[in-house]
Amino acid sequence: MATLIDLVQTPVRELNQALHAPEATSWRILNPRGAHAVACGIREDLAVDIEGHVGYYCAGMNQRATVTVHGNAGTGVGENMMSGTVRVHGNASQSAGATARGGLLVIDGDASARCGISMKGVDIVVGGNVGHMSAFMGQAGRLVVCGDAGDALGDSLYEARIYVRGTVKSLGADCVEKEMWPEHLAELAELLKAAERDEDPADFRRYGSARELYHFKVDNTTVY
Amino acid sequence: MCGIVGLHLREPSLEPRLGELLAAMLGQVVERGPDSAGVAVYGDPRLSPPGREVVSLLGGTPAEAEAALPGAVAVQADATTVVHADTDLLAAVADALPHATVIGSGMDMAVLKGTGNPVELAQSFGLASVTGWQGVGHTRMATESAVTPEGAHPFSVGPGQCLVHNGSFANHATIRRELRAQGVRFDSENDSEVGARFIAHQLEQGADLEKALRLLCERFDGFYTLLVSTSDSFAVVRDAIACKPALVAETDAWVAMASEYRALDVLPGIENSRIFEPEPEEVYVWRR
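The listed protein sequences derive, respectively, from chains W and Y. Under the numbering used here, the residue at position 178 of the first sequence is numbered 178, and the numbers go up by one with no gaps. Under the numbering used here, the residue at position 134 of the second sequence is numbered 358, and the numbers go up by one with no gaps.
Bear in mind the hints are in silico, worked out from the structure with no lab data behind them. Hints may be right or wrong, so weigh each one.
Stated by the list, open to error - Straight-line alpha carbon distances no greater than 20 Å define the calculated SDA-like cross-link-like pairs of lysine to any residue that follow:
hint, chain 1, residue 1, chain 2, residue 2
1, Y, K468, Y, G446
2, Y, K435, Y, A320
3, Y, K468, Y, E442
4, W, K217, W, V176
5, W, K169, Y, E506
6, Y, K468, Y, R276
7, W, K178, W, G166
8, Y, K435, Y, V507
9, Y, K468, W, A37
10, W, K217, W, D151
11, W, K169, Y, I465
12, Y, K468, W, K178
13, W, K169, Y, C467
14, W, K169, Y, A464
15, Y, K468, Y, V509
16, W, K169, Y, E505
17, W, K169, Y, V509
18, W, K169, Y, E501
19, W, K193, W, D203
20, Y, K468, W, S118
21, W, K193, W, G102
22, Y, K468, Y, A394
23, Y, K468, Y, S369
24, W, K169, Y, S369
25, Y, K468, Y, N395
26, Y, K435, Y, S369
27, W, K193, W, G147
28, W, K193, W, S118
29, Y, K435, Y, S455
30, W, K169, Y, E503
31, Y, K468, W, R101
32, W, K169, W, R197
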C-alpha cells in the first residue's frame with residue numbers, strides 16, 4: 001500500500017524531506033497542481049506516482065527511484081537525473097532531461113523545445129514529437145523520438161546518439177544523419193523495450209555529430 | 225522572470241467571476257515577479273461603465289481628477305486613478321492634468337498598476353470583485369528599468385490595447401529612435417513600452433493584430449513571450465528561441481494563457497481543457 005501525500009495539505013518541501021529519508025518504498029502524491037520541484041533529489045529505490053500535472057524540475061537529480069507523472073510536466077523534468085526511471089504519461093515542457101547523466105526518462109506525449117539539452121549520459125524516449133533544438137550540445141546518452149523532431153535537432157552535438165522515427169524539420173549545426181548498423185538497431189530495440197513501446201526499430205533513422213566544429217579540430221587545442 | 229496571466233471569457237455566466245479568477249491566477253505567479261504588478265480588465269461596470277470613455281492615470285487623485293474634469297467620475301485603485309466621462313476624456317486629461325501619466329485608455333478597459341507584492345496589490349485594486357469579459361495581469365521582476373508603477377505592465381498605449389511581456393528586447397533603443405522619428409511619443413525608457421508602441425503604431429497604420437505581431441517578430445531581437453489584448457481580441461506570441469514560458473488552455477467557456485500551469489489550475493473546468501505551449505514565432509489570436 002502506497003504512502004499517500006496530498007500536496008493540498010503537505011508542502012512540497014516536507015514531501016521531499018520525507019522522500020529523502022523514506023520510511024516507505026511506495027508513494028502516491030495527490031494534487032500537485034503545477035507545483036515545482038516535486039519528488040526532487042531522491043536517492044533510494046522508491047516508486048513514486050504523482051497524480052496530476054507538475055511544474056518545473058520534477059524528479060530532478062533522481063537516483064534509483066521510479067517516478068511516474070500521471071499528467072503533464074513543466075520545464076526541466078528529470079533534469080540532471082543520475083539513474084532510475086522518470087516517466088511522464090502526458091506532455092513535457094522545455095528542457096526535459098537537461099544535463100542528465102544516467103537513467104531512463106520516458107515521455108509518452110510530446111516534449112517541447114530543447115529536450116535533452118546538454119544530456120550527459122541519460123537515455124530519453126519520447127513517444128510523440130520533440131521541439132526545436134533538442135539534444136543541443138548533447139554529450140552522451142541516447143535520445144529516441146517516436147514522432148517528429150523540430151528545428152535544429154542535435155545542434156553542436158558531441159557524442160550523444162539520436163534516433164527519430166518521423167520527420168526532422170531541420171538539423172542543427174554539425175548534426176548529420178548516419179547509417180543504422182546492427183548495433184544501433186539492437187540498442188534502439190532495447191531502449192524501446194525499456195520504455196514499453198512497440199515501435200519497430202527499423203522505422204527509425206540515426207543522427208549524430210559530424211565532428212566538424214572548432215573544438216573537434218586538433219589544431220585548436222593549443223589556441224588558448 | 226516575470227509572470228503573465230490572462231483570461232478571455234467565452235461564457236457570459238463566468239463574467240461576474242473575472243476578477244476573482246484573475247486574482248487567483250496572479251497569486252500563482254508571484255515568485256516570478258515579486259516587485260510590482262498590474263492588470264487590465266475589460267468590461268467592469270464600475271471602472272468602465274458602458275458608453276463612457278475611460279482613462280487610467282498615475283500621479284493624480286480622484287478628487288483632483290473630478291475637480292479638473294467636469295462630468296468625470298474617478299475611482300482610486302492603489303496607485304492608479306481610473307476616470308470615466310462621456311466624451312473626449314483623453315484630450316481633456318492632457319490639458320487639465322498635465323502632470324499625470326496616462327497608463328491606459330479606451331471605451332471598456334481599465335488598467336491598474338502598482339509596486340509591491342502582487343497579492344497585496346490585487347487586494348488593493350479590489351480585483352476579486354471586478355467583473356468583465358477579459359483580463360490580463362503581470363507580475364514584474366524588473367531588468368531593464370526602475371521599479372515604479374509606471375514601469376509595471378501592462379503597457380497600454382492605444383485605445384483598448386494592452387501588452388504584457390516576459391523577457392527583454394535587445395534592440396529596443398534602435399526601434400524607439402525610429403518610432404520617435406516618425407512622431408511616436410514615449411513615456412519611459414522601458415523596453416516593453418517600445419513593443420506596445422510598435423504594435424499600436426502598426427494598428428494605427430491599418431495592420432490587424434496578427435500582422436502587427438508578425439511584424440514585431442521580424443523587427444524585434446531578444447526574448448519575449450507577449451500577451452496582447454484589444455477590445456475584441458486576445459493574442460499570444462513568442463520569440464524564435466521560446467525560452468520564456470507560455471501555456472495556453474482552452475475550453476468552450478474560456479481561453480487562458482499563463483507563464484506556468486499552476487496559474488491555469490485555478491480555473492473552473494481546467495481538467496477538461498486543451499492545454500498547449502504556443503509554438504515559437506507563431507501568432508495566436510482569439511476574438512470575441
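Results for each hint:
1. Y/K468 <-> Y/G446: Holds. Y/K468 to Y/G446 sits at ~11 Å (cutoff 20 Å).
2. Y/K435 <-> Y/A320: 36 Å, violated
3. Y/K468 <-> Y/E442: 18 Å, holds
4. W/K217 <-> W/V176: Distance of about 17 Å is within 20 Å: holds.
5. W/K169 <-> Y/E506: 16 Å, holds
6. Y/K468 <-> Y/R276: 37 Å, violated
7. W/K178 <-> W/G166: 15 Å, holds
8. Y/K435 <-> Y/V507: 9 Å, holds
9. Y/K468 <-> W/A37: Status holds; Cα separation ~19 Å.
10. W/K217 <-> W/D151: 26 Å, violated
11. W/K169 <-> Y/I465: This hinted pair holds, its Cα atoms lying about 15 Å apart.
12. Y/K468 <-> W/K178: Violated, because 33 Å separates the two Cα atoms, which is more than 20 Å.
13. W/K169 <-> Y/C467: Answer holds: W/K169 to Y/C467 is near 19 Å, not above 20 Å.
14. W/K169 <-> Y/A464: Roughly 14 Å between the alpha carbons, so the hint for W/K169 and Y/A464 holds.
15. Y/K468 <-> Y/V509: Between Y/K468 and Y/V509 the Cα gap is close to 19 Å, so the pair holds against 20 Å.
16. W/K169 <-> Y/E505: 15 Å, holds
17. W/K169 <-> Y/V509: With a Cα-Cα distance of about 25 Å, the restraint between W/K169 and Y/V509 is violated, given a limit of 20 Å.
18. W/K169 <-> Y/E501: 18 Å, holds
19. W/K193 <-> W/D203: Distance of about 15 Å is within 20 Å: holds.
20. Y/K468 <-> W/S118: 19 Å, holds
21. W/K193 <-> W/G102: This hinted pair holds, its Cα atoms lying about 17 Å apart.
22. Y/K468 <-> Y/A394: It holds: about 15 Å lies between the C-alpha atoms, which stays within 20 Å.
23. Y/K468 <-> Y/S369: 19 Å, holds
24. W/K169 <-> Y/S369: Judged against 20 Å, a Cα distance of about 38 Å means the pair is violated.
25. Y/K468 <-> Y/N395: The hint holds at about 18 Å.
26. Y/K435 <-> Y/S369: 28 Å, violated
27. W/K193 <-> W/G147: 17 Å, holds
28. W/K193 <-> W/S118: Violated, because 24 Å separates the two Cα atoms, which is more than 20 Å.
29. Y/K435 <-> Y/S455: The hint holds at about 17 Å.
30. W/K169 <-> Y/E503: 14 Å, holds
31. Y/K468 <-> W/R101: 25 Å, violated
32. W/K169 <-> W/R197: Answer violated: W/K169 to W/R197 is near 23 Å, above 20 Å.
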